[in-house]
Amino acid sequence: MTNMTSDHPATVWVRKLVLPVLLIAVWQFWASSLPAGSPAPAPLKVLQTLVDLLRTGSLLSATVQSLGRVVLGFAMASVLGIALGLMMGASQAVRENLDPIIESFRPIAPMAILPIAILWLGTGTPTALAIVAYASFFPVLINTVHGVSRVDRKLVLAARTMGISRWTILTRVVLPGALPSILLGTRLAMGVAWTAIIAAELAVGAKSGGGGSGGIGQMMFVFYAYNIDLNAIVVCMAVVGVVALLIDQLFRLVEKRLIPWKA
Amino acid sequence: MTTSPGSPVMRTYRTLWVSLRSFAVFFALWWLLHWWNGNPLQLPSPFKVFEALGGLMREGEIAEHASVSTLRMLLALSLSIVVAVPLGFWMGLSRRAEEVIDPLVEMLRPISGIAWLPLALFIFGVGDTLPVFIMFYVGFFPILLNTVAGVRQTDARLLAAARTMGIGPWPLLVHVLVPSALPTVMVGIRLAFAASWAAIVAAELIGSPTGLGFAIEWYRQMLMTPKVFAFILAIGVVGYVCDLGLRSLQRRLTPWADGTGASS
Amino acid sequence: MNMSDNASYPKLRLSGVTKSFLAPRTGLSTLAVAEMSLDIQTGEFICIVGPSGCGKSTVLNMIAGLDVPTAGHIQKDGQAVTGPGADRGVMFQDYALMPWQTVEGNVGFGLRHGTPGQHLNTMQRNQRMAHFIDLVGLRGSEHKYPHQLSGGMRQRVALARLLANGPDILLLDEPLGALDAQTRLILQAELLRIWGETAPVTERKTAIFITHDIEEAVLLADRVVVMSTNPGRVREVVTIDLPRPRAGKARTHPRFGVLVEHIWSLIRDEAYRAIGGDESLANPTQETTA
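Residue numbers (our numbering), protein chains in the order written: chain A, 774 to 1036; chain B, 537 to 800; chain C, 64 to 353.
Same shape as in the complex, but just chain A (with noise of 0.2 Å):
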């Protein structure tokens, strides 16, 4: 649509760098001029922050604390999802009697499930969990769905006409097939996994007063009820933000790896 001029390479990194150099530029001009002691975060303060919270340690153990928990949910999700999913996929039968109820859990929110989660588990690692594969799972079991019913039911006929077993159609043929949709499916699902996790350690640690549950988002919870810290507060959504970036690009990595025969 505009004219594709070369422009020359120095040229374009100083325009995808000017917004956010600019910006982080006025921020610390801006947290200068305030009183000494004020609370507002700045540049300079973060960095400072990032490399004292490295060195104790505690930013990484919260992150895999965190990361552990997305893993185990999402891969508990994962199973029940694909499987139900290839079920339903190939079955008609079972799509139409358990499609209404899925439907209908589909709009309720991962953390409007939370205060049920914690009447039941309380407020620890299993109720994390708990909203993790609740979460993960409807990405993953949508899109196996869609996965399969995209499988051209040609190649299953063929695979029939020779004489090829169910079991073995399933595996051999519709698998692979909806695998792309099941691998975006997964993608999906790691993201917004991540992100109920943080919104889930966030309200635990806000309703269990700052106690041990552990994890990033309650990481930030304190900094921002008990020792006050906003500078840690941003370096904490600065690790929200890169995890989910590396996330993301693992699976995007992984599906490529597995569908190389995709466009």
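Source of the hints: derived by calculation from the structure; they are not laboratory data.
Glycine included, C-beta positions come from ideal geometry on N, C-alpha and C.
This list has only true hints and no planted wrong ones.
Label pairs and their in silico Cβ distance ranges:
#, chain 1, residue 1, chain 2, residue 2, range
1, B, Gln578, A, Asp825, 39 to 47 Å
2, B, Arg788, C, Thr185, 23 to 31 Å
3, B, Ser603, C, Asp243, 54 to 62 Å
4, B, Trp567, A, Val867, 21 to 29 Å
5, B, Pro707, C, Gln156, 23 to 31 Å
6, B, Gly663, A, Gln801, 27 to 35 Å
7, C, Leu85, A, Gly830, 51 to 59 Å
8, C, Leu85, A, His919, 37 to 45 Å
9, A, Ser805, B, Phe660, 22 to 30 Å
10, A, Asp925, B, Gly663, 50 to 58 Å
11, A, Val852, B, Val554, 25 to 33 Å
12, A, Leu1031, C, Gly116, 34 to 42 Å
Assemble chains B and C onto chain A, guided by the hints.
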């Protein structure tokens, strides 16, 4: 029955019947679980939940909280649209604009709206602004990304055809580019709604004295579990109804496109 | 709108038109069209045929003003062509109908938003739209969307739109290519009728029609420009001396087959090469060593 098995009327009846049947099974299982569990505080019987729901509706509490949440959501969604759509058009049309703005967008996007809660709480405090801000933030990105995509995937042939009819640059934008991008933008708006509706619960749970999210948490603390369930149900229903509304809007505004935003 | 004021100028003149494309990554340049020169008179129906990749569409795009020649120039009525305009209407291979407009909206698109309808009021515009919708035989379908129409119907909408804008040169890029053979036969006859085959020459529009179908070219054209590929250039311009009107009669004329074979003989070798085939099979009369 004089209608044939494949007719639309029969199909609707069948879908209704299957749905009813599935829900009946679901509620039966629920009741069994409740009976086996024995603790009404943890898992109340479905009857109790419906009773609570009825009571809340009669007292107007559901309507009160639901309207608060819905209004906040509408405000946030409108703000997201007003900001993200023009920006998306600009970025879609100008490679320079995209180069300047995209890095900031890509840096902020992975930081979920929820992660902003503590900082936002500090800035806005508890109240109305907080949920609206969070929802605006969450809804902004899907709309922006989809608008850019919608502009980019405009068929160059359509633009060429319009130019051969002597159509100038501004009419080209208004009469070709905008309609062409509209289906994809609508999809973005629906995605934004789903994401913000999920975010509002978290935002209200932690940072608001009113709203459906607040209500769930409030009644949990009071251990009035049937009401908790009732409000969760309300969240689901309102979300579903709003999505229906958006889908209908989508059909009205873009009758030529299917639900995925594709035009053929 | 279709009168040539300057009798001394041809309607359209291509002089030494050359087009080369620069691949952005490799920096290699491909010569698509080389030194093409051609004069087209008012009211002529010209067909351009040639093997794939000979630059037919590129030439059309340049005449339409959607692309610029690397060298040489294109003149209409003695004036240089500088950009797209409603005076040179285009009918694209894939119709390029606005999916969000109905048949009526599409046909009237140029009238409402572009230059063709500027001096008309709403009533005149509507009359014009209705006239052309009727002309192509789509009355009753005004409120349908493109996705509800068959290929043949979409083609007719594109034609109605083209004509409603009142261009004096019609540029048609393989307009019938996506249709089935029977629909194609019907539309060929329609096209001749609408173009004005039975009307006097001065009332006909100038048309440039690109096609792969040699028989179609011989049926429709006054002259057939045969192009060769790599780079694209004019191989020969064949005058079709079949009498008009042609619809329904031309195919059985003795000269018809002769003309078709002649044109095919000019293209044959390159066509075989284009599909990666063995050129020696192109000339069946030659002996092949077993």
